[in-house]
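Peer 1: Residue numbers (our numbering), protein chains in the order written: chain F, 1 to 209; chain B, 1 to 209.
One thing to keep in mind: the hints can contain errors.
A pair holds if it fits inside one copy or across any two, identical chains being indistinguishable in the list.
[Said to hold, decoys possible] In the SDA-like style, the derived pairs of lysine to any residue whose C-alpha atoms are separated by at most 20 angstroms in a straight line are: (1) K58 with V29; (2) K20 with L159; (3) K58 with R107; (4) K20 with G77; (5) K20 with V162; (6) K20 with W79; (7) K58 with G84; (8) K20 with F83; (9) K20 with H155; (10) K58 with P97; (11) K58 with N134; (12) K20 with A160; (13) K20 with A50; (14) K20 with N134; (15) K58 with T85; (16) K27 with R51; (17) K20 with G84.
Hints are computed from structural coordinates only; laboratory data are not their basis.
Keep in mind it's a predicted model, so treat the numbers as computed, not measured.
Protein chains: 2
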Amino acid sequence: MSSENGSQLPFAWLEPRGPKWTAGAPKRVHDNPWFAVDDFDAVAPTGSPARYFLHDHKAVATGCLPLYPDGTVVLVGQWRFPFGTYSWEMPEGGALPPEHPLDGCQRELAEETGLQASEWREVVRLQLSNSSSNEFAVCYLATGLSPVRADTEDHTEDLAIVRVPFAEVLAAIAQGHIQDAMTVATALRVHHMAVTGALDPLLAEAVLS
Amino acid sequence: MSSENGSQLPFAWLEPRGPKWTAGAPKRVHDNPWFAVDDFDAVAPTGSPARYFLHDHKAVATGCLPLYPDGTVVLVGQWRFPFGTYSWEMPEGGALPPEHPLDGCQRELAEETGLQASEWREVVRLQLSNSSSNEFAVCYLATGLSPVRADTEDHTEDLAIVRVPFAEVLAAIAQGHIQDAMTVATALRVHHMAVTGALDPLLAEAVLS
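Sequences are here, hints too, so could you generate the full structure?
Peer 2: Okay, here's the thing in structure tokens:
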């Protein structure tokens with residue numbers, strides 16, 4: 001999935017500048033069910049040769065902030081293997097093409113929290129680590145929440161679920177207790193939307209209270 | 001670098017819950033100067049066996065938003081190889097331990113923009129992709145900007161530099177034209193700080209104008 005560069009740019013300074021990278025065919029030097037590593041002999045925009053190792057992700061990352069009209073949100077907690085730390089996050093998962101990111105996100109919301117949402121709004125797109133990885137994330141605000149039965153479960157996930165005030169989530173982010181990039185960016189973007197009139201006024205009031 | 005989980009938690013719900021992952025010694029299945037891939041036979045918190053492939057990053061990612069008193073910020077533009085798209089971002093780089101993230105960030109700011117800052121404030125910490133990678137980012141707000149001579153340069157970087165109103169950066173993020181995760185999270189956090197009284201009042205006014 002590509003970024004939206006080049007289409008209907010709101011500011012002239014956003015225009016791309018200068019030559020692109022060029023690269024030959026990659027050599028796949030590692031492969032597993034979730035990601036691969038490709039080794040490229042590339043030429044940098046400066047004209048210098050550069051060996052590039054690309055972390056090639058197979059799924060699009062998705063996540064949603066489930067928000068109730070009273071300004072509370074649902075987070076899931078789990079131990080994250082790569083850091084060995086406990087992490088409170090919005091419900092997240094991966095959509096393996098051709099699954100649409102929204103379909104994947106709705107599936108993960110049901111699996112992880114037993115919830116469905118009647119309204120979905122894409123609020124932020126992220127290149128998670130764009131110097132070495134093509135992992136892309138599409139993040140949503142999910143409202144109109146109600147219970148749903150999930151058909152599948154992940155046998156390696158042991159998730160805790162909390163419903164807490166959005167203001168506490170923002171405070172936890174500000175103090176460094178929530179660090180998951182998708183959750184941090186989405187929560188701060190929803191706050192920005194509330195402040196700038198991009199949310200329904202009643203919902204904005206609940207979010208900012 | 002670990003997260004700050006477990007220390008002085010402001011809300012009881014942030015407490016870690018349930019058993020951790022366990023894992024034996026990894027087998028390194030790929031290695032390059034920037035990252036490696038380790039293959040673990042692990043046991044999930046549920047008790048299920050799980051094979052885990054960890055994307056092990058060697059540097060800590062750093063970046064700063066250079067902010068002037070008039071509410072303008074400095075961004076750098078470049079083609080990003082993994083996506084093949086042009087990306088406007090705050091100045092970013094890597095700090096290879098034992099270099100401190102702040103030292104690395106100051107070095108990158110000088111190299112990429114020819115600027116130094118007299119005031120540095122850490123504003124957000126990110127686990128960039130914590131289901132498969134241990135890449136950690138420390139992001140700063142840099143103020144009190146002045147020119148400086150940089151001693152080094154990167155022969156694969158061909159950077160454009162702009163100084164633009166912070167409001168335009170927020171608008172570009174909201175419309176999906178800026179997608180770099182560190183830049184998105186840091187800009188939205190600085191907006192949040194301005195709204196919530198965490199910035200000097202004159203600077204907040206400039207940021208929000």
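Peer 1: Indicate, hint by hint, whether the structure satisfies it.
Peer 2: Consistency of the hints with the structure:
no.: 1; hint: K58 with V29; result: both (15 angstroms within a copy, 18 angstroms between copies)
no.: 2; hint: K20 with L159; result: between (43 angstroms within a copy, 12 angstroms between copies)
no.: 3; hint: K58 with R107; result: within (18 angstroms within a copy, 34 angstroms between copies)
no.: 4; hint: K20 with G77; result: between (41 angstroms within a copy, 12 angstroms between copies)
no.: 5; hint: K20 with V162; result: between (46 angstroms within a copy, 19 angstroms between copies)
no.: 6; hint: K20 with W79; result: between (40 angstroms within a copy, 6 angstroms between copies)
no.: 7; hint: K58 with G84; result: between (24 angstroms within a copy, 17 angstroms between copies)
no.: 8; hint: K20 with F83; result: between (34 angstroms within a copy, 11 angstroms between copies)
no.: 9; hint: K20 with H155; result: between (43 angstroms within a copy, 14 angstroms between copies)
no.: 10; hint: K58 with P97; result: within (8 angstroms within a copy, 30 angstroms between copies)
no.: 11; hint: K58 with N134; result: both (9 angstroms within a copy, 18 angstroms between copies)
no.: 12; hint: K20 with A160; result: between (45 angstroms within a copy, 13 angstroms between copies)
no.: 13; hint: K20 with A50; result: within (13 angstroms within a copy, 40 angstroms between copies)
no.: 14; hint: K20 with N134; result: within (16 angstroms within a copy, 29 angstroms between copies)
no.: 15; hint: K58 with T85; result: between (25 angstroms within a copy, 18 angstroms between copies)
no.: 16; hint: K27 with R51; result: within (11 angstroms within a copy, 24 angstroms between copies)
no.: 17; hint: K20 with G84; result: between (38 angstroms within a copy, 8 angstroms between copies)
In summary, the structure agrees with every hint in the numbered list given earlier.
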